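Now for the letters of each chain:
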Amino acid sequence: MSGTGTGLLSARGLHKSFGDLSVLAGIDLEARPGQVLSVLGPSGCGKSTLLRVLAGFEAPTSGEVLLDGVRLSGPSADRGMVAQAGGLFPWLTLRDNLAFGPRASRRTGTQVTAVVDELLSATGLDGFADALPKQLSGGMRQRAAIAQVLANRPPVLLLDEPFGALDAQTRLRMHEWLRALLAERPTTVLLVTHDVEEALLLGDRLCLLSNRPACVVDELPVPFGADRGRAVLADAEFVRLKATVLERVLTA
Amino acid sequence: MSAALLEDVLVPAGPGPAHSRARRRGRRLLGLVVPVLLLATWYVVSDREILSTRLLPGPGTVATALAEFFTGDRNDTLAGVVPFTGAGPEHLAASLTRCGVSWLLAVLVGSVVGLLLGLSSLARDLLDPILNALRAVPLFAWLPLALVWFGLGEGAARAIIFVGALWPVLVAVGDATARVPRGHVETARMLGTPRRWLWRKVYLPSALPEVVTGLRLSLTLAWTCVIVGELSGTDRGVGAMMSAARETGRTEQVVVGIVVFAAVGLLADLVLRGVTARWVRWSRA
Numbered sequence: 001m002s003g004t005g006t007g008l009l010s011a012r013g014l015h016k017s018f019g020d021l022s023v024l025a026g027i028d029l030e031a032r033p034g035q036v037l038s039v040l041g042p043s044g045c046g047k048s049t050l051l052r053v054l055a056g057f058e059a060p061t062s063g064e065v066l067l068d069g070v071r072l073s074g075p076s077a078d079r080g081m082v083a084q085a086g087g088l089f090p091w092l093t094l095r096d097n098l099a100f101g102p103r104a105s106r107r108t109g110t111q112v113t114a115v116v117d118e119l120l121s122a123t124g125l126d127g128f129a130d131a132l133p134k135q136l137s138g139g140m141r142q143r144a145a146i147a148q149v150l151a152n153r154p155p156v157l158l159l160d161e162p163f164g165a166l167d168a169q170t171r172l173r174m175h176e177w178l179r180a181l182l183a184e185r186p187t188t189v190l191l192v193t194h195d196v197e198e199a200l201l202l203g204d205r206l207c208l209l210s211n212r213p214a215c216v217v218d219e220l221p222v223p224f225g226a227d228r229g230r231a232v233l234a235d236a237e238f239v240r241l242k243a244t245v246l247e248r249v250l251t252a
Numbered sequence: 253m254s255a256a257l258l259e260d261v262l263v264p265a266g267p268g269p270a271h272s273r274a275r276r277r278g279r280r281l282l283g284l285v286v287p288v289l290l291l292a293t294w295y296v297v298s299d300r301e302i303l304s305t306r307l308l309p310g311p312g313t314v315a316t317a318l319a320e321f322f323t324g325d326r327n328d329t330l331a332g333v334v335p336f337t338g339a340g341p342e343h344l345a346a347s348l349t350r351c352g353v354s355w356l357l358a359v360l361v362g363s364v365v366g367l368l369l370g371l372s373s374l375a376r377d378l379l380d381p382i383l384n385a386l387r388a389v390p391l392f393a394w395l396p397l398a399l400v401w402f403g404l405g406e407g408a409a410r411a412i413i414f415v416g417a418l419w420p421v422l423v424a425v426g427d428a429t430a431r432v433p434r435g436h437v438e439t440a441r442m443l444g445t446p447r448r449w450l451w452r453k454v455y456l457p458s459a460l461p462e463v464v465t466g467l468r469l470s471l472t473l474a475w476t477c478v479i480v481g482e483l484s485g486t487d488r489g490v491g492a493m494m495s496a497a498r499e500t501g502r503t504e505q506v507v508v509g510i511v512v513f514a515a516v517g518l519l520a521d522l523v524l525r526g527v528t529a530r531w532v533r534w535s536r537a
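Protein sequence lines correspond, in order, to chains S and P. The first sequence: position 233 = 233 (our numbering), numbered continuously. The second sequence: position 147 = 399 (our numbering), numbered continuously.
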């Protein structure tokens, strides 16, 4: 899994319709290795559908999804996806949740333990290894859900509004935590969100979608360094860009 | 374990965590109030002969009969074929075997068919109407047919218990598997779980709490069906003993049968809950 490619995820001419309802109308995009691509769009524009197609949960009506030039179909362990409500299995302890992916990939017991222990400490959840998901707070659950997916060391991480259900303070903490986490493990990340601030805080590039049926209306680089923290929120350039992008989204 | 479980049985599980333990203990005693009152009333009614002891033998008479049933010397027989004194273990073993075999078979068939219904919409469309129709047939309505097919005795008894125990398992397994959230299945697939392992990694654990409820209902029903089955001409079993005792007018022995049924039913449910507790803990509030 890791090291089998560089993790270049591309979509070419993706169309998706449900019956007469056209949701995606020819999406072309590229998520580059080691970068975070923030996909922004108006509410209900088909962002989640796009991510589900990229993850392989839905087949595109036409077009294709490629990972390092290889055409993909169906879900697999090389694209980890985290949704808003998280994917933790409620009947498993945190430790078993994190071990789920490595075990499915038939890693040995000691390998699994090593990966899980490392992720438990990276998520600051060491003390909760034997807790059930329902015993964790919302922020802890989302950290754990991301760790569960990262345990497989997927080259690509797909995030569908992963912090959408959290309060503003927790969300900000999660942004900083995720940046730090990704700095240590280069991963191609595609983040779908409707939150402009989140898109700018986490993204290296920004991709703007139109209203449904969605197509890409603009792509732009995010001009802040990889080490940006919450201090950047007060940066005049950040504030100006946020206002511009928000205007674009609202009128897209 | 048994103390905690008993507490669970006598006190409906409240939301209270550890801090309300003292209160729960108080509540557990509350659960004993009604049985003690009933026992006292029973004693008074039979002691003052408000009701004839032939209709309602006193608690003392029943206790003596109960002791005789399990520990007495095997000598007298009732109605020529069904023994009472000292025959408790034999009758109990016959009933338990009958119930156990039929219940396990019902669990097996119910799980397989239920899984099929839960996982395949084709199976659901094909089988749901007929299964729902059959499910509506009263248990007693199967008895004549069971007697025709299997003859008086063991076969008919087992068939009746099987039919009674089947539906709760089938419905619980079918509903629970159909209700497994799609998100769990997708997460498992995305984490690299092969399709053929989904039933074990996702469907089974996710459905278990509901399935366990179905198993408990089913076991209780199987145990209640034992009496129906044993009316079909068996000469061993608690129900057979009660039937014979009624014919010879030994009401205290009939009551012994009721006591044994109640005690075993309660115990079986406790054991089942104890065994399955760790599978369903996650779903408790």
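Mixed in with the good hints there might be a few duds.
[Stated by the list, open to error] If you want a taste of the chain P side facing chain S, the calculated C-beta under 8 Å gives, among others:
no., residue
1, Thr293
2, Thr337
3, Ala430
4, Val432
5, Gly435
6, Glu438
7, Thr439
8, Gly444
9, Thr445
The set of hints was computed from the structure by calculation and includes no laboratory data. From a predicted model like this one, the values you see are computed outputs, not experimental measurements. All C-beta atoms in this analysis are idealised placements derived from N, C-alpha and C, irrespective of residue type, glycine included.
Hints and how they fare:
Hint status for Thr293(P) relative to chain S: violated, with the closest Cβ pair at about 45 Å, above 8 Å. Interface restraint check for Thr337(P): the shortest CB-CB distance to chain S comes to about 50 Å, outside 8 Å, so the restraint is violated. The beta carbon of Ala430(P) comes no nearer than 18 Å to any beta carbon in chain S, farther than 8 Å, and the hint placing it at the interface is violated. Restraint check, Val432(P) versus chain S: the minimum CB separation of about 11 Å is more than 8 Å; hint violated.
Evaluation of the Gly435(P) hint against chain S yields a held restraint, the C-beta minimum of about 7 Å falling below 8 Å. The interface hint given for Glu438(P) holds, since its Cβ lies 5 Å from the closest Cβ of chain S, which is under the 8 Å cut-off. Against a cut-off of 8 Å between C-beta atoms, the interface hint on Thr439(P) holds, since the closest Cβ of chain S lies about 4 Å away. Checking Gly444(P) against chain S by beta carbon gives a least distance of about 3 Å; that is within 8 Å, so the hint holds.
At its closest, the beta carbon of Thr445(P) sits 5 Å from a beta carbon of chain S; the interface hint therefore holds under the 8 Å criterion.
Of the numbered hints stated above, those contradicted by the structure are hints 1, 2, 3, 4, listed in ascending order.
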